[in-house]
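S.K.: Listed below, chain by chain, are the residues.
There are 2 protein chains.
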Amino acid sequence: MTQANLADLAALEELYRNNLLQDVIPFWERHSLDRECGGYFSCLDRAGEVFDTDKFLWLQGRQVWTFSMLYRQVEPRPGWLEIARHGAEFLKRHGRDSEGNWYFSLTRQGQPLIQPYNWFTDCFAAMAFGQYALAAGDLEARDIALQTWRNLLRRRDNPKGKYTKAVPGTRPLKSLDMPMILINVALELEGVVPQTELDPVVEDAIQEIMSHFYEHKRQMTWDNVAPDGSHPDCYEGRVIIPGHGIEAMWFMMEAERRRRCRPEIIDKAVQAIINLVQYGWDPEYSGIFYYLDTQGHPPEQLQWDQKLWWVHVETLVALAMAWSMTGRQDCREWFGKVHKWTWARFPDPQHGEWFGYLNRRGERLFDLKGGKWKGCYHLPRALYLCAREFERMRMKPQAPSKH
Amino acid sequence: MTQANLADLAALEELYRNNLLQDVIPFWERHSLDRECGGYFSCLDRAGEVFDTDKFLWLQGRQVWTFSMLYRQVEPRPGWLEIARHGAEFLKRHGRDSEGNWYFSLTRQGQPLIQPYNWFTDCFAAMAFGQYALAAGDLEARDIALQTWRNLLRRRDNPKGKYTKAVPGTRPLKSLDMPMILINVALELEGVVPQTELDPVVEDAIQEIMSHFYEHKRQMTWDNVAPDGSHPDCYEGRVIIPGHGIEAMWFMMEAERRRRCRPEIIDKAVQAIINLVQYGWDPEYSGIFYYLDTQGHPPEQLQWDQKLWWVHVETLVALAMAWSMTGRQDCREWFGKVHKWTWARFPDPQHGEWFGYLNRRGERLFDLKGGKWKGCYHLPRALYLCAREFERMRMKPQAPSKH
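From first to last, the protein sequence lines are chains A and B. The opening position of the first sequence corresponds to residue 31 in our numbering, with each subsequent residue numbered one higher. The opening position of the second sequence corresponds to residue 31 in our numbering, with each subsequent residue numbered one higher.
Excised from the complex, chain A in its bound form (with noise of 0.2 Å):
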């Protein structure tokens, strides 16, 4: 194996670093704040143009916990912790039901539009107020983040409540975001809900992942699967996607970095990162594809040949990370394949941040750079990861190589 060498590494983390910092960040601090009405706007035209003005609830948490986590980690600039001030505050004061479930979406001046039937804009204002709450040292942030966390577990168990559309018993299924998210989030809260609560939820959901949704034979995640494990041959059971399982991949790695590094967990891990890049990989005009079927029938999904900003860049992290845990040659040699095709047709230089979707060849289909589901989140924050684990690798180069 050919180690990369310092330069290399300082040239990523330099040119990552600096499109976060000079690039991404820049543009949802110049267009996103609604400084009328309070909170962001997410739909954002190639030159950060507001299209529309309703307020999304997963991405005003998102960008909460993105300004917040910036103040956090990266450098405290009073301007950072007063942009998550103003989404917090517009969050608190409109973005709840009387039973603390979360709305998932407002209009602009923060009436509800859209029922809690999302259970993972709870998690996202979870996030959301856990990183605030450290940051602005919020007492009532806090309280929010606790309170949220707690219901969001008591929901677990039926998320959708009277908005399930599935007969109860037919064909139960289970989804790989339901344990994926919740170790996200736990991570995301430590230092607010205490340890001893977060810990067995993530070794849980790590149990959970490694015993039902990860397949030994094929090293590789599935979506949805039944109860036990096993695979109903119906199209949510035959779904593959791809940036899912990359992103759970990197979730549950990063939860064993903090705690038990088993060697047994990440080494699986970091072989379904691959397995699964190998796999959604377009043979014919490269990129990650969003659906595909197992067993190679029509997912049901139309944009199944897509390749999305979010699944090029959590897998970019995903690959940084195993490079970094592993030094595996492979993670490296997929990172640059992935790394090269990403960033020759996302980003925008004219007008700043990313372009989000692109059509199977890679050209635009929409220029925008923010909207319902895309905001100040997977981008900025995989800019950030993906610099932490070049400066990893740079300051301990000689990282063990087993390949």
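Hints are computed from structural coordinates only; laboratory data are not their basis. It is possible that some hints are incorrect.
[To be verified] Calculated cross-link-like contacts (lysine to aspartate or glutamate; reagent style DMTMM-like; alpha-carbon spacing at most 20 Å):
no.	chain 1	residue 1	chain 2	residue 2
1	B	402	A	263
2	A	402	B	323
3	B	195	A	127
4	B	204	B	238
No experiment lies behind these values; they were computed from the predicted model shown.
Please build the complex by placing chain B on the supplied structure of chain A, with the hints as guidance.
M.R.: Chain B only, in chain A's frame:
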């Protein structure tokens, strides 16, 4: 204006009728019958192999309708009635909950999978049992059609029931698809439900479409409007689904043809068809887009630029009908343009039936012939209706010319 000559019309009629009777219907006869468990397989690959066995009730009902309609309108072949019966019996046995609402999907064996959250399922069930009752003279089917019709009218003010995600009152919206489908269902229930029950529903729906969904300035339909017909500036408020508007217009024209033949309705419908086709036409690769945003912003649907079979065949029906009813040269020209693009890309002479999903360039996104949303319905109905219009024009070649 040049009248289409009789030979052209006869050739078109033959093409559409032969494709229906010698290609499309035989494909479903050969591949879709579940002889073991009843009902139909709708998930069929390019060659007709079953790739998923779930029973999606939109498509079960629609196939019962298609074979009943063929039996009544084309030829009373016992085999067609038997195929309709095969699906109707499965639906009678397994399709409804205890309150007579239709499940969205069942397992292959008929166990309920997805709750009756979807009001349109009831619409297709009503059409299915209405046509089947008329074809088979089946009194139980007639009762089911009548009950389902009355039940769907009862549910129409709150069609999603407890599954409604919108917070009441914040931003009420109504959708074109509801009055549109009510016209369609009512036309299919003539002879089953008393005309005195049907007529007011049709007239209300036409009035609602013309006063709230039809914009007089642009002479086009919108898909979602406020209760007063105004246009909230949000994703749903801005979206235009050209295929929907075009289909709604031909439903309305058919209703007028059977009733009052009001020129002010028919002329506006024809103009809206032309305007929607022009508006939806892809200037770069041709074909009609799936979703557009009236303000040119990105629609929320990632599949916005795809070219779907149903959009194109419903457009052919609408243009053939508009051409036949008005003799307008622009209708004839647009028919020719859409016909040429559609027939060059969707049919599969090798294995029969048509492909359903093309990307923006008109290349195949999937090879499937049927899936969760594509079954034995839009295409055979369109082929039948187009052939019928060509026959009408042949019989009455001197259609009134307006332009």
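S.K.: With reference to the structure, classify each hint as holding or not holding.
M.R.: Status of each hint after checking the structure:
no., hint, in the structure
1, 402(B) <-> 263(A), "holds (14 Å)"
2, 402(A) <-> 323(B), "holds (14 Å)"
3, 195(B) <-> 127(A), "holds (14 Å)"
4, 204(B) <-> 238(B), "holds (10 Å)"
Hint violations for this structure: none, all hints satisfied.
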